[in-house]
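Novice: Let chain A serve as the given structure and place chains B, C and D with the ligands on it in line with the hints.
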Amino acid sequence: MKDKKRAIAVPIQSFNKITDEIYSITLYDQLIAGHAHSGQFINVLVPRANDILWRRPFGIHRINADTGTFDIVFKVVGRGTKALTTIKTGDKLDIIGPLGNHFTCPPDINEAIMVAGGLGIAPFPLFIQDTGNKNIQYTLFYGTKSKNQFCSLDFFNTTVDNRFLATEDGSFGAKGFITDSLERYLKGLTAKDGKYIYVCGPTPLLARVKQLAHRFNIRAQVSVETMMACGFGACMGCPVPLEKPAKDGRKYLLACKDGPVFNMEDIVFDE
Amino acid sequence: MKDKKRAIAVPIQSFNKITDEIYSITLYDQLIAGHAHSGQFINVLVPRANDILWRRPFGIHRINADTGTFDIVFKVVGRGTKALTTIKTGDKLDIIGPLGNHFTCPPDINEAIMVAGGLGIAPFPLFIQDTGNKNIQYTLFYGTKSKNQFCSLDFFNTTVDNRFLATEDGSFGAKGFITDSLERYLKGLTAKDGKYIYVCGPTPLLARVKQLAHRFNIRAQVSVETMMACGFGACMGCPVPLEKPAKDGRKYLLACKDGPVFNMEDIVFDE
Amino acid sequence: MSNLEVKIGNLELKNPVTVASGTFGYAEEFADFFDLNLLGGIITKTVTLEPRHGNPPPRIAETSGGMLNSIGLPNVGVQGFITEKMPFLRTLKTKVIVNVAGKVGEEFPEIVRILDDVDGIHAYELNYSCPNVKEGGLSFSANATVAEKLTASVRKATTRPIIAKLTPNVTSISKIGLAVENGGADAVSAVNTFVGMAIDLETKKPKIATITAGYSGPPIKPIALAKVFELCQKISIPVIGIGGIASTTDALEFLVAGATAIQVGTANFYDPCASVKIVQGITGYCRENNIEKISDIIGSLNI
Amino acid sequence: MSNLEVKIGNLELKNPVTVASGTFGYAEEFADFFDLNLLGGIITKTVTLEPRHGNPPPRIAETSGGMLNSIGLPNVGVQGFITEKMPFLRTLKTKVIVNVAGKVGEEFPEIVRILDDVDGIHAYELNYSCPNVKEGGLSFSANATVAEKLTASVRKATTRPIIAKLTPNVTSISKIGLAVENGGADAVSAVNTFVGMAIDLETKKPKIATITAGYSGPPIKPIALAKVFELCQKISIPVIGIGGIASTTDALEFLVAGATAIQVGTANFYDPCASVKIVQGITGYCRENNIEKISDIIGSLNI
Ligand SMILES: Cc1cc2nc3c(=O)[nH]c(=O)nc-3n(C[C@H](O)[C@H](O)[C@H](O)COP(=O)(O)OP(=O)(O)OC[C@H]3O[C@@H](n4cnc5c(N)ncnc54)[C@H](O)[C@@H]3O)c2cc1C
Ligand SMILES: Cc1cc2nc3c(=O)[nH]c(=O)nc-3n(C[C@H](O)[C@H](O)[C@H](O)COP(=O)(O)OP(=O)(O)OC[C@H]3O[C@@H](n4cnc5c(N)ncnc54)[C@H](O)[C@@H]3O)c2cc1C
Ligand SMILES: Cc1cc2nc3c(=O)[nH]c(=O)nc-3n(C[C@H](O)[C@H](O)[C@H](O)COP(=O)(O)O)c2cc1C
Ligand SMILES: Cc1cc2nc3c(=O)[nH]c(=O)nc-3n(C[C@H](O)[C@H](O)[C@H](O)COP(=O)(O)O)c2cc1C
Ligand code: FES
Ligand code: FES
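Chains as they are written, first to last, in the numbering used here: chain A, 1 to 271; chain B, 1 to 271; chain C, 1 to 303; chain D, 1 to 303.
Just chain A, with the same shape it has in the complex (with noise of 0.2 Å):
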């Protein structure tokens, strides 16, 4: 899809506090509902409070294309998250979006290994709503600092095959990094075609991602976070560098608009 760019006040349908620190919004807008897909983004201008200058990117978590919404899933980390919590139902949000690429699947697929850390998980449930009429097997790796920072896990209860939860300090499911749980689980696959992962998180679990893809010879696609200026191509802020220049010869693509969605192997993480 190649959507007309749009800044637009959308009202807050609904305002939650859904775990320690996380929140999710639900927007009111038909042609997010309708159309986005998941790994695109919102660029929401936050209240403007604490010297904020710049909106903040948030994934496009759910949608429900009857009432026409769609939900945001945050966690406060800085100044613009917590801004945000200050919004209330009924209020407008100021967004910019449907934003940047998408996932996409193969023809070949028969295995989705979502691999989710933190607020990585983001993209995830609207990826199910997107290929959900696919004859695909789902497996979630899932993993947080601690028991009370999950969240949707209701809804992967229900559209999920295998689920694989991990905790940093073990309070819930396997304690240690999720990878280690990714590792095991891709050490026991027998077959490997149509195997594909996808995965979002902090750069740490995605340069670990990397590898492991990389030695198990299993595709992957990536959403990456950057710092965004404008989130609309307009600033070059947001560059990720490639393993060997693109057919154009661009060393750097952006985030933004040739992603966030990359593949895994094109891309270079600086860890």
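I should point out that these hints are in silico values taken from the structure, not numbers from a laboratory. Note that the structure is a prediction, hence the values are computed from the model and not measured. Possibly wrong hints are sitting among the right ones.
[Said to hold, decoys possible] Derived coverage of chain D by chain B (criterion: at least 3 residues anywhere in the stretch with Cβ under 8 Å from a Cβ of chain B; other residues may be distant):
hint : stretch
1    : 17-29
2    : 56-68
3    : 269-277
In this text, a Cβ means the ideal position worked out from N, Cα and C, and glycines have one as well.
Specialist: Chains B, C and D with the ligands alone, transformed into the frame defined by chain A:
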């Protein structure tokens, strides 16, 4: 009273919209409730929205020594006062105060002629509370732009002997400037001994009252407003020009430290 | 309707509101958001002789109310610009000003000569002042002699209007302004970004890969306005004001200080319609204040 | 407890947190708010040879997150300072640094000579850089030769440490830094305010009576930090960092960039306890990060 300066977070006992764009806040602080005098002010750290840097000064409007509370009243005129409307009862407000000097009554006073323009009404309830034990006749001249801009009229109903109200648009009281009413009143006065003018309001009003006080040869005290970066004598940003150099040679006094109350005849209005 | 037209040399803008180089891409990035033809003019991202990749990440950081950037002038080079970007720009019914920069002085007239054969370009802005490239960059407009010579060399290469974009990171911006005026510039634009820096305390690394970077946005406005005022007092050619302009009030302040036109920069990022809102705001201001022509405001500072 | 001591020449501060001239009065103004002896040092409002009235109002204006001031150095003059302000300052158990300025160059050593007979003064800060006085002001530190000579003349007048306070309104602050180092300064402090301006659209008047004014507060921090970093890279004497410092994080960024100490300025106005909070914040930071001595942080930038 020579107060020890203090920056303190005081509980917001209540916060109310009292009329068009005008709000009152009741704050709990035994020291101010017990000791402050009319003309003194507090300097308020408003919620840090809208790129605000400085505190905002507000006069102490009224005190309730029994409950240990005092009121300020303010009008929304810009970004600071707008941000101030987001406070909530039960929160704390970070203030510095009491600051500044105050109105004084000479022993020979028999009539206090209070002249207020708009929010210049702020110090006068406390003025009456301060001086009410003396044998003074209180005359109030109170002008605003329009009917819905008056505040604390109830208080004055029961405390002043004479009341003159005016609005610029004629929607309440006399039509025109309150200084016109004052001029008529001063013209009608037979004896001038023991009469004293106390005035607070926008600079053009002060300048006009200065002329009248001079013309009718009545002593006057004025509470001035200037921009204030600190409010406690540190920035030297609030100079008030003197008619003639002070005893120590100074050409300017500081509104926050030497004022905000001055003898009308000592200071120059730049209009 | 008030007359909002202004003239920069013999370049006529329908209104004084333009957009700053590097903050508006090649205009196409904003075409979905509003009718670009409502703007007085568009200034492109800097074009260089050869294509450039730009600097490694991180290139941007948000500060208190402003931002740092060290993008490093990534662009497809002048030939790529002509084939890839000009076709869209040529469809616009507003003035197109191409911002150019050379690695060395000689490249400036060279690029301008190449572009001079291309239709649909109305003027050049010479980026003498990017603090984020190793080669040249700042130095072109930190030294009056260099700036004058460079301008004179470009002057010989084109009859189209040339606007010298000045750095604020100098002791006396008006000295540089006088130098480029002598060199034959039709106008100056000021200011480019300030050299700034931020540090990530956790990693103890600079927040931008190139250590220092260009500082922009609302926090620079008071300094930019003082620089623009200084230029307006001292030089005879028009001054285009830039620096932290985010609202109609900001824009009008620059005009009152003497700027003939303004550029909206960083504000485009968080509000892609910021520039057109300022066009509307100025229109409204003139109507409400019965201002017949915008030139009545320009330089109307009451001192 | 970590060791927070730092040395500025042979001046020992118990911690690197001091307060900027003109933002802390003569310390007495803040005595009610907290125990002044917790600070590393106190820098007084500028003292001049003769008393000064200061500039006419309006002297201050609030901008987006920052402020403009043109106070004009009102003060009681050096004799008044000695009789009226020193008695209180002498009671303090922290270092007292007297900031001095001359109308003409010769007044600097003259004032310092007068103060040199006075007990309780630990160092001088030379205000070469006030943008708000007609006489001299900026020019003393905008020119390297002038700055060097002036410093040398003060050097001859005293054995107490001298700190040259530099203006940021120059092309190369490190050139001036080198000059005052050569002139014999024990340290530099940077930066003073930036030349800035704001206009009241309704009256079309500048918001400050002197038209341009000094810009300070959080918005200048990124530029100030870049200037301090430049100085630390290029000169050998200690640098005291100033500019928009309002939090512990801000202060630590300057130390990491190489500053030996810092000054809290504009933040004192809205939070009179800002400086002591930073002392506490740095103490806490060192404890949590097992930093034995503050000098391990200074200049620890990871590049
Ligand atoms: C395409 C995209 C989709 C995203 N989707 C989600 C989502 O669905 N849910 C969610 O909670 N978060 C998401 N993020 C991250 C989110 O944008 C940041 O957490 C948010 O911008 C932080 O704002 P802040 O002001 O609270 O943090 P700041 O105070 O600005 O910074 C706090 C920390 O967050 C980091 N940070 C700030 N901005 C960004 C950014 N744009 N990208 C990455 N890190 C940043 C900073 O480096 C810093 O470490 C997404 C980011 C991108 C680029
Ligand atoms: C000693 C003193 C006592 C005061 N008491 C009261 C009071 O009891 N009730 C009340 O409503 N107001 C009072 N004021 C005025 C009040 O401080 C200003 O209205 C307020 O600071 C404006 O803040 P703002 O951010 O909303 O306005 P801004 O957006 O900062 O400015 C809006 C307008 O208000 C003016 N203004 C801003 N700050 C001040 C200031 N410190 N003094 C005067 N004008 C200013 C500006 O020039 C501008 O025209 C008092 C002022 C002083 C100095
Ligand atoms: C992300 C970014 C990229 C920029 N790129 C360029 C550029 O390519 N060429 C140029 O002349 N100026 C460039 N600038 C400077 C702007 O054109 C402008 O001069 C500066 O940002 C000040 O204006 P502002 O505060 O409104 O942003 C860039 C600024 C930013 C923030
Ligand atoms: C109101 C005000 C008055 C000042 N007066 C002086 C002064 O008398 N002497 C001086 O050297 N610097 C003076 N300064 C400059 C400060 O000391 C400091 O260098 C500058 O404000 C930058 O720091 P900041 O951003 O933390 O305020 C003054 C600054 C302000 C805001
Ligand atoms: S965020 Fe601006 S180009 Fe990607
Ligand atoms: S407001 Fe700072 S000295 Fe008066």
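Novice: Against each hint, give a clear statement of whether it holds in the structure.
Specialist: Hints and how they fare:
With a cut-off of 8 Å between beta carbons, the stretch 17-29 of chain D has 5 residues touching chain B; three or more are needed, and the interface restraint holds. With 12 residues having a Cβ less than 8 Å from any Cβ of chain B, the stretch 56-68 of chain D passes the three-residue criterion, so the hint holds. Taking a C-beta to C-beta cut-off of 8 Å, the stretch 269-277 of chain D contributes 5 residues in contact with chain B, enough for the three needed, and the coverage statement holds.
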